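Trainee: Generate coordinates for the entire structure from the input sequences, incorporating the hints supplied.
Residue numbers (the working numbering), protein chains in the order written: chain W, 1 to 113; chain U, 1001 to 1112.
I should point out that these hints are in silico values taken from the structure, not numbers from a laboratory.
Because the structure is a prediction, the values reported are computed rather than measured.
Careful, some of the hints might be misleading.
[Said to hold, decoys possible] Below 30 Å or equal to it, Euclidean Cα-Cα: the simulated DSS-like pairs (lysine-lysine) are:
hint	chain 1	residue 1	chain 2	residue 2
1	W	K52	W	K22
2	W	K52	U	K1042
3	W	K13	W	K52
4	W	K13	U	K1099
5	U	K1042	U	K1056
6	U	K1099	U	K1056
7	U	K1099	U	K1068
8	U	K1109	U	K1068
9	U	K1056	U	K1071
10	U	K1042	U	K1071
11	U	K1042	W	K13
12	U	K1056	U	K1068
13	W	K57	U	K1068
14	W	K57	W	K15
15	U	K1071	W	K57
16	W	K22	W	K57
17	U	K1071	U	K1109
18	U	K1109	U	K1042
19	U	K1099	W	K52
20	U	K1109	U	K1056
21	U	K1099	U	K1042
22	U	K1099	W	K57
23	W	K57	W	K13
24	U	K1042	W	K22
25	W	K15	U	K1042
26	W	K22	U	K1099
27	U	K1099	U	K1071
28	W	K57	U	K1042
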Amino acid sequence: AAGVIQSPRHLIKEKRETATLKCYPIPRHDTVYWYQQGPGQDPQFLISFYEKMQSDKGSIPDRFSAQQFSDYHSELNMSSLELGDSALYFCASSQNWRGNTIYFGEGSWLTVV
Amino acid sequence: GESVGLHLPTLSVQEGDNSIINCAYSNSASDYFIWYKQESGKGPQFIIDIRSNMDKRQGQRVTVLLNKTVKHLSLQIAATQPGDSAVYFCAENPSGTYKYIFGTGTRLKVLA
Chain W
1 AAGVIQSPRH LIKEKRETAT LKCYPIPRHD TVYWYQQGPG QDPQFLISFY
51 EKMQSDKGSI PDRFSAQQFS DYHSELNMSS LELGDSALYF CASSQNWRGN
101 TIYFGEGSWL TVV
Chain U
1001 GESVGLHLPT LSVQEGDNSI INCAYSNSAS DYFIWYKQES GKGPQFIIDI
1051 RSNMDKRQGQ RVTVLLNKTV KHLSLQIAAT QPGDSAVYFC AENPSGTYKY
1101 IFGTGTRLKV LA
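Mentor: In structure tokens:
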């Protein structure tokens, strides 16, 4: 079965640079979620989108923005990167009308040097 | 959930024994809960879910118990196997929201 696809899988950026992560949800899933997970930490909810509209917002820094496009894929844009942004970023998706089970991708490793 | 740094609670069990992993959730308005298994460097993998109108749900070798009175979830794994070694998280979905809040993970170590 198709899963959530994230790209790139690994990314190295310097401080103050910009990074963009992409997420392709499971086919027919209309809701996308972004999470940030530091080493040994719990996944922290950043933001979610339902039918291309922002649906909930968590602890997403003002330097970050995200959107969901007409084909339901989503992008997380991170600017003015800081060392503390180094983490594993997960995207998850769900088919909202069928219930709320969310399925995660394998994540994008961001290292800021 | 709150960050616990690098020192996750750890549960060590003998292969073949049953494991019980506990989770306290924070929001009394949460009406849907999921248990995830996460292996190192990988995404959380769905194990089992339960809605707030139930107090028990069984899957293959796993059972989830929900106690809404004390806002507590548990995951029981029967006949624990080496492949069960991972970090386990519970996640709660507050009613009417599009977000899942993760609880503190528990590292399960299966001893041969």
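Trainee: Each hint: holds or not?
Mentor: These are the hints, each one checked on the structure:
| no. | hint | result |
| --- | --- | --- |
| 1 | W:K52 with W:K22 | 15 Å, holds |
| 2 | W:K52 with U:K1042 | 27 Å, holds |
| 3 | W:K13 with W:K52 | 28 Å, holds |
| 4 | W:K13 with U:K1099 | 28 Å, holds |
| 5 | U:K1042 with U:K1056 | 28 Å, holds |
| 6 | U:K1099 with U:K1056 | 23 Å, holds |
| 7 | U:K1099 with U:K1068 | 19 Å, holds |
| 8 | U:K1109 with U:K1068 | 28 Å, holds |
| 9 | U:K1056 with U:K1071 | 14 Å, holds |
| 10 | U:K1042 with U:K1071 | 28 Å, holds |
| 11 | U:K1042 with W:K13 | 21 Å, holds |
| 12 | U:K1056 with U:K1068 | 11 Å, holds |
| 13 | W:K57 with U:K1068 | 26 Å, holds |
| 14 | W:K57 with W:K15 | 25 Å, holds |
| 15 | U:K1071 with W:K57 | 24 Å, holds |
| 16 | W:K22 with W:K57 | 18 Å, holds |
| 17 | U:K1071 with U:K1109 | 26 Å, holds |
| 18 | U:K1109 with U:K1042 | 17 Å, holds |
| 19 | U:K1099 with W:K52 | 15 Å, holds |
| 20 | U:K1109 with U:K1056 | 25 Å, holds |
| 21 | U:K1099 with U:K1042 | 20 Å, holds |
| 22 | U:K1099 with W:K57 | 8 Å, holds |
| 23 | W:K57 with W:K13 | 25 Å, holds |
| 24 | U:K1042 with W:K22 | 17 Å, holds |
| 25 | W:K15 with U:K1042 | 25 Å, holds |
| 26 | W:K22 with U:K1099 | 19 Å, holds |
| 27 | U:K1099 with U:K1071 | 18 Å, holds |
| 28 | W:K57 with U:K1042 | 24 Å, holds |
The structure agrees with every numbered hint stated previously.
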